[in-house]
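J.: Chain residues, written in single-letter form:
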Amino acid sequence: MNSSARRDTVLRYPPGVRTNHWLVALAFVLAALSGLAFFHPALFWLTNFFGGGPWTRILHPFIGLFMVLVFLSLAATVWDDNVLRPADWQWLRQWRDVVSNREERLPEVGRYNGGQKLLFFVLVVCLLGLLLTGLAMWRAYFTLPVGLVRLASVVHAICALVLICAILVHIYAGFYVKGSVQAMVRGTVTPGWAWKHHRAWFRQITHDAHPRTRAD
Amino acid sequence: MPLQSLDIIRRSATTTPEPEVRGAYTGTVAKLIDVTKCIGCKACQVACMEWNDLREDVGVNFGSHQNPADLSDRTWTLMRFTEYENPKGDLEWLIRKDGCMHCADPGCLKACPAPGAIVQYANGIVDFQEENCIGCGNCVTACPFDIPRISKRDHKAYKCTLCSDRVAVGMEPACIKACPTGALVFGTKEDMQEHAAERIEDLKSRGFENAGLYDPPGVGGTHVMYVLHHADQPALYAGLVPDPRISPLVHLWKGTAKPISLVIMGLTALAGFFHFVRVGRNEVDESDEAAARASLDASRKPEARP
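First to last, the sequence lines map onto chains X and B. Numbering (numbering that gives the first Met the number 0) for the first sequence: 0 to 215. Numbering (numbering that gives the first Met the number 0) for the second sequence: 0 to 305.
Where hints are given, some of them may not hold.
In silico lysine to aspartate or glutamate, EDC-like type, Cα no more than 20 Å apart, as pairs [stated by the list, open to error]:
hint: 1; chain 1: X; residue 1: Lys177; chain 2: X; residue 2: Asp7
hint: 2; chain 1: B; residue 1: Lys87; chain 2: B; residue 2: Asp284
hint: 3; chain 1: X; residue 1: Lys177; chain 2: B; residue 2: Asp284
hint: 4; chain 1: X; residue 1: Lys177; chain 2: B; residue 2: Glu285
Okay, the calculated bits of chain B under chain X, using three or more residues with CB under 8 Å as the criterion [claimed, not checked]:
hint: 5; segment: 108 to 119
hint: 6; segment: 136 to 145
These are calculated hints, taken from the structure and not from any lab test. Bear in mind that the values here come from a model prediction, so they are computed numbers and not experimental data. By construction, the Cβ of each residue, glycine as well, lies at the ideal position given by its N, Cα and C atoms.
Chain X extracted, bound-state conformation:
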């Protein structure tokens, strides 16, 4: 009886993943606040958090690069678990059941649900877009044709908008599904949580812990 369920908790995110996730989160908050400062005059006061306008202009691209790097590291760890499968599209099509607490009507969910997987790939696309366009806009080091910089500026703003909205949804989802924050902060969930929200994953880890079960 070496199951983690013995301790009445299931390990969902090991320390490395948790650290990585919160590094991405920290970088996101800093990149978003410093970027929004330049996006709309109503938000220019955010430069105060970074030591004023010029310092914000200096720091923002480095914060962005840091975010891309730590996200790449996280993405490499969780990529395989985030590949969208037919059941995930079905899950997404039933988004009304998702937001109405009618989980029993949804297909069984593996380690990540359709929404989490969709978020993951939205992040991949947005961060790639932000990286490429951000480099094009980085006048301290790069000088590109002005037409390209104009296009990059628009795409940078669109990617940032989509990313910020996606993260707002992500933060709310973490609050909405009680126990998710605990999972990402302390790493563990209760068996009931895994059963309710990620049943296929729950079955998988409990089976893997007892390979003989399958042999029967």
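Given chain X, work out where chain B should sit, using these hints.
T.: Structure of chain B alone, referenced to chain X:
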């Protein structure tokens, strides 16, 4: 408070009115550059350096009379030289004094994210306030004329001020003062348009049937205008933009997208709040824990099965 200018009609990254009680009741100003009268002496370049205390690094000869090679943070006006062979086979030496055009609808000001780093005065002058500049380069991205330059030393944007300091006390810009041929004239925009009309009539009578005024409407007109002998082909003059306007991409980026994006972000956050108010949180209850325990027990004791 008369030490302030009180005539600021537009200020970058600012959404409320600026002190603008003083109007340009005698008309906005304009510099008229009569390219057809220019002899390429560069007295205007020297006057600009002198008045503004700017000294460009000594450069290299790149095979043109043009010197330095390009505008820079320390070269706010530059004589651009073009050797043009006209359809008759004759050589024309086109000399255009390049620098900020002081657009009525300035792209730099539209794109600038730093409050008060770029202002537009009632008299039409577009001026950079470098102490507010953060060095992002959005002005460079948005300018239809490729004018502003970011200094490599202090990372601030610089360009021609139209000698706003001189004009504010009733003097003409330094370049105007220095021009020996009358190719540069300064006055109200209306007067300059009238003067240009006379010059164009004269040029047409002497065989330049395409002579005309360059005051591009795409940027609302400019407070620096050219008299060109080939107004039908502005690009001949070292690539003068034929129909300059603020790029639609810049309009999208710094116009439409700004308020809409803030609203979208705000609505997303509000949607979360009201979802919580209406639906509440998704919580695990005892029946889930019991079901999980039952499943665990089932998988844990396979040998107990018959």
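J.: Are the hints correct? Go through all of them and say.
T.: Now for the hints, and whether the structure bears them out:
1. X:Lys177 with X:Asp7: Holds. Lys177 (chain X) to Asp7 (chain X) sits at ~17 Å (cutoff 20 Å).
2. B:Lys87 with B:Asp284: violated (92 Å)
3. X:Lys177 with B:Asp284: holds (11 Å)
4. X:Lys177 with B:Glu285: Within the cut-off at roughly 14 Å; holds.
5. 108 to 119: Answer holds; 3 residues pass the 8 Å Cβ test.
6. 136 to 145: The restraint on the segment 136 to 145 of chain B holds, since 6 of its residues have a Cβ under 8 Å from chain X and three suffice.
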